[in-house]
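Undergrad: Going down the list, the sequences are from chains U and L. Each residue of the first sequence is one higher than the last, beginning at 4 in the working numbering. Each residue of the second sequence is one higher than the last, beginning at 65 in the working numbering.
Hints listed in this document are in silico derivations from the structure and should not be mistaken for laboratory results. Be aware that one or more of the hints could be misleading.
What the hints assert, rightly or not - Here chain U is said to cover these stretches of chain L; the calculated rule only asks that three of the stretch's residues, wherever they fall, bring their Cβ under 8 Å from a Cβ of chain U:
hint : segment
1    : 79 to 90
2    : 95 to 103
3    : 132 to 145
Note that the Cβ used here is the ideal one computed from N, Cα and C, for glycine as well.
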Amino acid sequence: MSNNINARCVVTGLGMVNAIGKNVEECWENALKGTPGIDKVKSVNSDNCYAHLGAEVADENIEINDKVDRVSSLCLQASKEALKDAGIDGNVDADRMGVIMGSCVGGVVSIENYIEKGEKTEDINKMSIASIANHVANMAGAKGVVTNIGNACAASTMSVAYACELIRAGVGDVFIAGGADAFASVPFAGFTALHALSENACSPFNHSNGITLGEGAGAIIVESYEHAVKRGAHIYCDVLSAGISSDAHHITAPRPDGIGQMYAIRRALDKSGVDKKDLDYINAHGTGTAKNDEAEFLSIHTIFDDSNDHLSVSSTKAMVGHCLGAAGAIEAVYAIKALTDNKVPPTIGYSAEDLEALKEKAGKIDFMPNDMKEKELNYVMSNSFAFGGSNASIIFAKNEGKMSESENDEDIYITGLGIVTPVGNGVENYIEKVKGGETITSGNLVSELGKEDFDKFDIKLAFYRKLDKLSTMQVVSGIEAINNSGFTFNDDNAEDFGMIIGTGDGPLTTVYEFQEHISKEGTQNGSAFNFPNTVYNAAGGYLSIKTGMRGYNVTITNGNQSGLASVCYAANEIKQNRAAAMLASGTDENSAVMNKLYTQLGLVSDAKSDIYADEKGMNLSDGSVTIALEKASQADSHSAKKYAKIAGYAMTHECVEYGTVKGSDEGLAKAINEACKDAGINADKIDAVFGFGNGIKDVDDIEKNVYAKVFNKAIPVINVKDYVGEARAAAATLSAAHAALTLAGELGDSQNAYIFNGGEVKKDKVDTKNFEYCLATSYGVGGSYSAVVLKRV
Amino acid sequence: MNEKELAIAARIKEMLSENLRIPAEELDYEIPLFGDGIGLDSVDSLEIIACIDSEYGVAMTGVAKENFYNITSLTKYVVENM
């Protein structure tokens with residue numbers, strides 16, 4: 004087990020599928036030959052649109068699995084190839100193997116199928132991005148950290164970076180990292196509405212008149228060096244550091260001054276210990292839109308012009324299209340193949356005239372027009388930039404690098420809270436409700452935000468009218484948490500402040516409504532106004548735009564527990580010195596659409612459910628809860644109130660069918676034990692659990708079974724869903740927030756709790772004033788669990 | 065404005081309110097739509113262009129931006145190009 008911030012992470016397996024091939028070998032050989040994968044689209048009706056091209060995967064090149072969405076079929080195919088390539092087949096410790104997958108639109112093909120083909124129940128669990136990593140984990144038998152990253156077109160570069168962070172944090176040995184996206188009507192209609200599609204094949208760094216959408220998947224086996232050597236694996240290369248940043252500028256357009264991109268590129272170089280003069284190749288984001296190409300051109304020229312005389316830059320999107328959430332992983336595989344084969348793939352599509360124009364703007368940089376080149380490569384970079392202003396750069400090296408990431412051993416504290424719930428907004432309101440014992444009286448609860456909330460946080464009409472409900476809740480809870488903590492930052496240190504947003508269902512309502520509209524009105528009639536809100540990281544993007552936080556900014560999605568996994572993720576970013584302070588959020592929306600889908604799944608009760616007792620179903624609800632986390636010195640710099648200390652945390656997985664939890668007890672037990680171990684305590688030291696039961700029998704049973712085994716005593720369980728309903732990811736974050744408020748003495752000396760004793764549960768009042776350690780737990784369908792131990796300050 | 069212009073202006077106001085989530089009470093026919101105040105941007109203008117095209121068959125892609133100044137100028141452009 005490596006537990007060293009600069010531990011070597013190596014690549015031991017690759018998998019890929021895209022428009023020019025069904026496996027790595029085909030995709031690579033065709034890229035070197037400059038094979039165009041762009042053709043008239045078949046899977047989307049573009050009849051009345053101005054553009055008709057796409058880079059789809061041919062039917063004979065995809066192994067369709069009818070039980071999952073097309074995006075998961077693509078992802079499974081690439082992941083299987085990567086595992087086989089790495090020689091992994093049940094021969095590694097499952098508890099230390101994880102899956103991190105990125106996607107932009109997830110199972111949006113299933114949303115279209117649901118709407119247009121009879122609203123079949125079987126399509127519902129295929130809709131969310133969250134299912135993708137779960138399917139891969141099931142296939143591989145992975146029981147470590149499993150999650151999905153939803154940062155649009157930067158998602159899968161971030162997933163590779165996060166996998167390495169986790170290996171270096173010592174929580175895993177092997178990760179299947181990457182991402183996937185399927186060709187679908189929603190992005191096609193959205194980019195049509197934005198006039199961002201090119202009428203001809205996209206022409207990055209050349210004509211730059213728009214993108215051509217593609218589809219595919221990329222999977223990379225990332226492994227600790229020691230682990231790879233021990234099992235005699237073939238090592239492709241090292242993965243060095245990454246740079247992740249947020250533009251804090253615009254929801255769709257990159258900053259014209261390239262500041263966010265340049266921060267990501269420079270951070271990756273700096274922490275990787277790679278001098279900019281030594282970088283040999285960049286697989287660019289290179290989408291082919293004027294705005295991207297201008298900003299990326301500027302960033303690359305600004306950083307490398309004076310020092311590097313041999314840099315090659317190409318965009319493989321000219322061949323495989325823009326594969327959105329899969330782009331980062333596919334391009335990382337291309338970058339790795341370039342590095343190991345010493346061959347640089349070209350950017351195709353330059354005419355003789357274009358080549359003349361390129362000479363003028365290229366300077367010393369070789370933009371690789373039309374033909375591949377053989378060249379000795381030692382360091383390569385892959386760039387991905389996304390909607391929401393998300394930027395990610397990562398570096399791969401042929402040999403061991405000289406990384407210079409650093410760790411801090413300061414304690415991490417919860418210093419601020421922001422709460423949006425159907426029973427009112429604001430921390431004070433929540434405290435009042437809990438102290439007054441005001442529990443909910445029915446299900447189907449919806450948070451409300453109005454002018455009063457916007458005025459309170461100085462959010463203007465010109466800003467908030469663009470946001471959908473999910474983003475609005477996120478922005479309000481995020482700003483409240485910052486204000487509640489009192490931390491401030493300025494233009495010089497805005498990169499030290501970041502956020503992890505967790506969401507179970509993300510913008511599913513907005514995506515559904517967008518699809519419903521184009522199903523009725525045609526692909527040519529998508530809404531340019533609503534499309535930006537269909538990406539999962541829009542909420543985090545808006546929060547960064549509103550606050551100016553330009554640091555690490557990632558949205559994770561894997562069921563309800565995303566709202567607690569965000570706390571684990573954010574704490575790790577502080578520990579690994581990528582941030583002085585982080586926001587960790589959980590946000591989920593209730594709507595007519597969500598209610599309909601959950602009702603059809605048979606999970607909802609409109610009457611108040613008696614949690615752990617009557618098994619009626621969940622009281623569907625929504626909200627956004629944000630926790631501000633700061634390292635001790637940062638908190639002390641502004642005399643922040645410390646609600647509680649983050650003493651330990653863990654994320655685990657137990658493979659069960661996606662959409663279910665039954666049989667995954669072991670995952671929760673493992674999460675609790677690992678979190679306690681991380682906190683340096685025995686589980687018996689836990690004074691109370693802030694649990695996740697919601698009135699669904701299978702969910703409630705997991706807690707009953709596991710707490711009876713893990714705790715050798717009667718243990719009080721306090722459940723926030725009694726106060727706000729099943730707000731999914733928001734409830735998961737609220738469990739930790741409620742625990743922090745309890746430890747800080749904000750909720751009085753006693754609270755209503757469920758006393759779990761053996762298999763029995765009875766309600767009683769518990770004295771909370773001497774609580775020392777509290778444990779927050781949460782679950783995700785598919786068997787993922789998070790646990791966080793909080794300690795009284 | 066004549067009766068026809070008033071009807072078009074009212075419809076444009078309705079579209080702005082419905083499609084761009086601008087509260088109707090914030091909109092009159094003279095208030096500047098871009099810049100401070102209502103604060104529309106390039107993405108919003110695409111939505112306006114799409115709405116006017118589908119409602120009146122008037123193409124406004126590439127049209128000078130003063131025509132997008134307020135509801136009155138949009139109405140004028142629609143009337144002159146219907």
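Undergrad: Compare the structure with each hint and give your call.
TA: Hints and how they fare:
Counting residues of the segment 79 to 90 of chain L whose beta carbon lies closer than 8 Å to any beta carbon of chain U gives 6, which meets the minimum of three for the stated coverage. Coverage of a stretch by a chain is defined here by at least three residues with a beta carbon nearer than 8 Å to that chain's beta carbons; for the segment 95 to 103 of chain L and chain U the count is 4, and the condition holds. For the segment 132 to 145 of chain L, the proposed coverage by chain U is not satisfied: 0 residues have a C-beta within less than 8 Å of a C-beta in that chain, short of the threshold of three.
Consistency with the previously given hints fails for number 3 only.
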